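Trainee: In the order they appear, the protein sequences are chains A and B. Heads up, the first sequence is in the numbering used here, so the first residue is 1 and it goes up one at a time. Heads up, the second sequence is in the numbering used here, so the first residue is 1001 and it goes up one at a time.
No wet-lab data here; the hints were simulated from the structure. Incorrect hints may have been included.
What the hints assert, rightly or not - Within a straight-line C-alpha distance of at most 35 Å, the following computed DSBU-like cross-link-like pairs (lysine-lysine) qualify:
no. : chain 1 : residue 1 : chain 2 : residue 2
1   : B       : Lys-1184  : B       : Lys-1088
2   : A       : Lys-237   : B       : Lys-1123
3   : A       : Lys-237   : B       : Lys-1175
4   : A       : Lys-45    : A       : Lys-211
5   : A       : Lys-78    : B       : Lys-1169
These numbers come from a predicted model, not from an experiment.
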Amino acid sequence: MNNTWGDMAQYDPVTWNWVIAVYLFMAGLSAGSILIGIGLRWYSKEKAIESAILKAAAIISPLAITLGLACLVFDLTKPFEFWLILVNYNFSSVMSIGVLALLLYSPIGIAYSLIVLRDELTKRKLDFLVPVAEALMPMRKAIEVVLFVLAIGVGAYTGFLISAMNAYPLLNTAVLPALFLVSGLSAGAAANAIGALLMFNTHSHDTNLSKMHGLELPVMLSEIMFLFMLFCALYFKGGAAAAALASLTTGVWASVFWVGVVGIGFAIPLLTMLMPSQTRHSKGVMIAVACCSLTGVLALRHFVIYAGQSYIS
Amino acid sequence: MSKRYVMVHDENRCIGCQACSVACRSENGVPEGVTRLQVRVEGPFGDAPHLHFKYNRVSCQQCENAPCVTVCPTGAAYVGDDGLVSIKEDKCVGCMYCVAACPYKVRFINPETKAADKCNFCKDTRLARGELPACVTVCPTDALTFGDANDPSSEVAKLINTKATYQEKTHLGTKPRVYRIPTKRGGIQS
Ligand code: SF4
Ligand code: SF4
Ligand code: SF4
């Protein structure tokens, strides 16, 4: 039967789609990758040589945020007027605060990458950038600290961005920023491992790589804990919030959650930890596990965006 | 005292004829495929022979505490001096944050301007000329009443003070300015 009141297409509750999910993933990946890179550097005694992990982070982090921002801009209905968002600010809007953070984070991230990759620049015929890297060198410590703080902001901000919408009980929770930050860290670690192994031919028994490996379990456990907290909060809130728990049992997004997030993202990496250390530390297995973690994080962003918007209070 | 424009939709009088929707479209030049206003006919409720329908007006609620305004990064979604929530087309980048954040799902992207759009109580058109909104004027059963609730002698103030009304999703703290008079045959006692 036709309704008398017309087309319902504009009332689809899912406004933000996969492009935004990819952006959230890229921003988390960029922040997580550089946080791990810098964190490991501070933690290691040998600061004179740039570790393969940090070099990988220096490539992955700016690349990921650039691709993420490209997604964001082309998802606007007026992509060629994106500058409007750079000149008008509304400080009650999380997006505005995020734009400001990204405006600092992106160039500082590129500056830091030039410092880290200064030796690679000559090798890859980018000599003209060497003087820039040399000039930035004395400010390394300051740049590093500022970038670290901004990266925490960028990693958490994507969570704040969608948790600010109080109409959606699955999104409107305080743990979302924390969940996004830790899952960004796990994506960052995975991408750094792939980068270090493939681009910089690191040995799979490299000390920094093992240190990063050691972070994986605690990061994954906190991710699981935050997810658990998220669903508990919904359960105890009751009403429309509890109804959103149906996202775990019905529809395609439930499959994405159980197969993508839990199965590929958590179970496979956890199970490989049971393998004998010889196999577990082979290059092939490490790359495969890292790819699983990345897939899991990407699936989590999609689940949150789609399932989150499907349940409205 | 500043104005507080509100709209009252009497669901007893409404017959779901959609005349308001059509009038809105022509008055505000709303393009094909999108709409500022729908009156959804829901039901039937109750047992035969006492069946009844619910006429649910779906349009911007002109929230006093509007989430669309809070989230808009550019300030394109704003509250005017008259208290009405409107959109500055040329400041909107089309990020759709407001569309996602509106709990009533009544914002949409206008396919012609590419900016967010919605009901603004005919602020630019009829209200600007000192007339009542198009939907109010055209309603054949006088189901709609519009006016300044801060003026105690206004028709809307009298209605809100004498009739039992409800607003949608008040638990979200948005303070909607569309009041509804529930149908007497419905489950809500008035
Ligand atoms: S109903 Fe939606 S569009 Fe209208 S003022 Fe409230 S939040 Fe904004
Ligand atoms: S779509 Fe336009 S009005 Fe809505 S939040 Fe974005 S910039 Fe503001
Ligand atoms: S008040 Fe004006 S813009 Fe709003 S629904 Fe009625 S006719 Fe349309």
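Trainee: Could you run down the list of hints and mark each one as holding or not?
Mentor: Right, here's what the structure says about each hint:
Restraint check for Lys-1184 (chain B) and Lys-1088 (chain B): the C-alpha separation of about 40 Å exceeds 35 Å, so the hint is violated. Our distance criterion of 35 Å between C-alpha atoms is broken by Lys-237 (chain A) and Lys-1123 (chain B), whose separation comes to about 39 Å. Annotation: proposed proximity of Lys-237 (chain A) to Lys-1175 (chain B) holds, straight-line Cα distance about 22 Å (limit 35 Å). Our distance criterion of 35 Å between C-alpha atoms is met by Lys-45 (chain A) and Lys-211 (chain A), whose separation comes to about 13 Å.
Distance check on the hinted pair: Lys-78 (chain A) and Lys-1169 (chain B) sit about 31 Å apart at the alpha-carbon level, within 35 Å; holds.
Hint compliance for this structure: hints 1, 2 are broken, all remaining hints hold.
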